[in-house]
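Engineer: Sequence:
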Amino acid sequence: MAAEPVVAGDPPSTGVLPAPGGRERWAELLLPVATFLGAFLLFSVELILGKHLLPYFGGAPALWTGCLLLYQVLLLAGYGLAHAVMRRGPASRQRALLGLFLGASVVSLAWQALIWGVPLLPVGERVAGHPLTPLAHLLALLLLAVGAPFVTLSATTSLVGAWSVRLWPARPPWRLYALSNAGSLLALAVYPTIVEPSLDLPVQATAWTAGFGLFSVVMGWCAWLAGRGTVTSGAPPEACDTDSSDGVRSGTVGLWLLLAGTGSALLMAVTNQVCQEVAVVPLLWVLPLATYLVSLIIAFDHPRWYRRGVWGAALTVGSAAACLALYWSVDVPAAWQIGIWLAYLLAACTTVHGELARLRPPASRLTAYYLTIAVGGAVGGLLVAVVAPATLDGMFELHLALLAAGGLALATLIHDRASWLWKGRLAPPALALLLVGGCCGWLMAGGRPAALRSLVAVLTEPVHIGVAVAVGAVLVAALARRAPWASRPGLPMVGVVCLGTAIGILAMALRAHAGAVNARALFVHRDFFGVVRVASTTVGTGAHRAPALAMWHGRIVHGFQLSEPSQSSMATAYFGKGSGVGRAISVLQRRYEGRGLRVGVIGLGVGTLAAYGRSGDVWRLYELSPTVTSLAEGEGGYFTFLRSSPAEIEVVTEDGRVALANELARNGGWSFDLLVMDAFSSGAVPVHLLTREAVGLYLAHLQPDGMLALNLSSRNLELAPVAWRLAEAHGLAGLLIEGYPSPDGRSWHSLWMLLARRPELLQGPLLTGAGPTGPAPGRVARLWTDGFSSPISVLRWEED
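The opening position of the sequence shown corresponds to residue 1 in my numbering, with each subsequent residue numbered one higher.
Hints are computed from structural coordinates only; laboratory data are not their basis. Zero decoy hints are in this set.
Label-pair ranges, simulated between beta-carbon atoms:
1) Pro704 x Arg520: 46 to 54 Å
2) Glu635 x Arg126: 23 to 31 Å
3) Ser563 x Ala113: 52 to 60 Å
4) Thr541 x Thr768: 29 to 37 Å
Because the structure is a prediction, the values reported are computed rather than measured. Even for Gly, the Cβ is constructed at its ideal location relative to N, Cα and C.
Can you make the complete structure from the sequences, with help from the hints?
Structural biologist: This is how it looks when you write it as structure tokens:
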């Protein structure tokens, strides 16, 4: 959710004399309370619902994108409600309309408590997202859970600001907006640090509902106070009109829409990027959202905070750094990725919001202005959450948002005839061209200073030359329409050409990166759960080189199969015979030589583990993504592990944890000999599969002498301390096995932890001495539960 800077709308042509005596004192107390409480509840409910629904949608990064989309739409509806309330004639009618929405919100929460047992938190089998329509299912759940309360809360700042102006026409309402910002930031700060670690979700939801009840009482009281008094004539307060212009210039409304939409798209695209590469947890939702909110405060609090020179330079440096982070994402430590993207988001959003604040119209147009901002935010969310997944074959909305931010920064400079560009200053555009052009050119050349011929080849492609000429012509024409050529002739043109060229080079670098992502791809598909690619590759070196087909989920390879028929049934990648899971399967096959094994696997990949299947075995594999399931089952003829396995194979297309919970309720569990957890999405860790409650569910499906195998391989997070704490919480014996790359490149580095109810079950020729049976000294993690998880606490701050 992106809270837009909202004011009361058109300042009224009439005001209300301050209420006499006690009524005025009550209004001075309650209006700030309503503002602060409404903002706090608005931002905290987003996190509570997102946290609750995360496991039902497989921990997919797109869950939060979908949440943000609906919150943007409901925010727009809240502004519409505020506008309707303030336009409905007499105060009694306004109070009736507000009371209707407050009452509907309270009734909906009471109904939820009756049906679900706890308000806000949908429960039951129908909550789990349908694999074919997860976004629509998510939006319906969110609307059902929080639709009416969210719309009511979204109207708070507008309504209270309007009531303040009516009660005290000479007193500007900006202090209330500062309180709204403070409430929003406080909610974002306390949720991941205090609320999430300390309170279970049902307690959080109950406390939030009690807070909303208090808010309803306070808002109703405020409405009654604001409706009392004698109407008097008077001019609107000058403080509400911060723009001295007489009207809105041509094209300004379009810039309002584009700037607001770009800010919203940047928030969602950056959040997607960070969650995809690290983990999908509330903290990594909070950090970008708080950064976005800070950018709004900087832009709209006071003109002195937004200076074009400072933030324009920050955007230039940030764009170059973001391009580096995209090209080198696999090699950049997670902490650096988070820092780079948050810094870029602050620079870009402050720039677009700062320009949006500069374009604030006279008081007579404020309603249209803020409504346009809300519409722009909703459109930006719609483009990222709905349009991009349906039309782009990669997470390329981030690339487009990067370009949009730079292009709009230049467009606003051209639009504003008082900008430094029109004054003929050449140092800023020249430096921008040098920095962005140099950095992006180096990246396109392969990141090697000597590889200049590659750069020349890229720059001289006909399509790039044509685009550069077209963009340059448009920019020159736009500037020529306004140019006062009598003074400093030609200098503005030089500046715009420099900046346009820098943006053009950035566009080429981003296009080259997008092309490289899908290079050699035989199959590409994007859905709610991410981007899946199948591409030809080569494994091994020298005499050991061999062709293979690999599956990428995001930026990470999730398995490969050798193309040579004689080697196609070999277990590869993280699942070789020397890996922890490979050793576990071999031990169990020897231990139960006379019967088949029952094996459960959470996370399918290309189906590599099925290579270990024997006749008489039953393998039940759980996979959330329908696309991954289809590929592993042989669609397109890329992978054959499942089809060629002699074991009986059963594939369930559903989140593993949700499916296991439903199956436990129906049939009492599967009594697996081995249950494997290997459900990663790109570089993100499925946190909901590594909690105390999740391991308890796994144990309920294991036979007494069974093993649990956890894949802890992660380039960003050190998960072994977390697994040891889970073992301790359930009284399990553990064995941590590190697998090393094989000389022929068939097996990769891996880290697995085997867990069992008794130590002797983790002993034998392949297991004894294979790794530590206890945590390393000083490596202690707090127990992860459904109510608390902290991937940041186990983040690898530097590469090993």
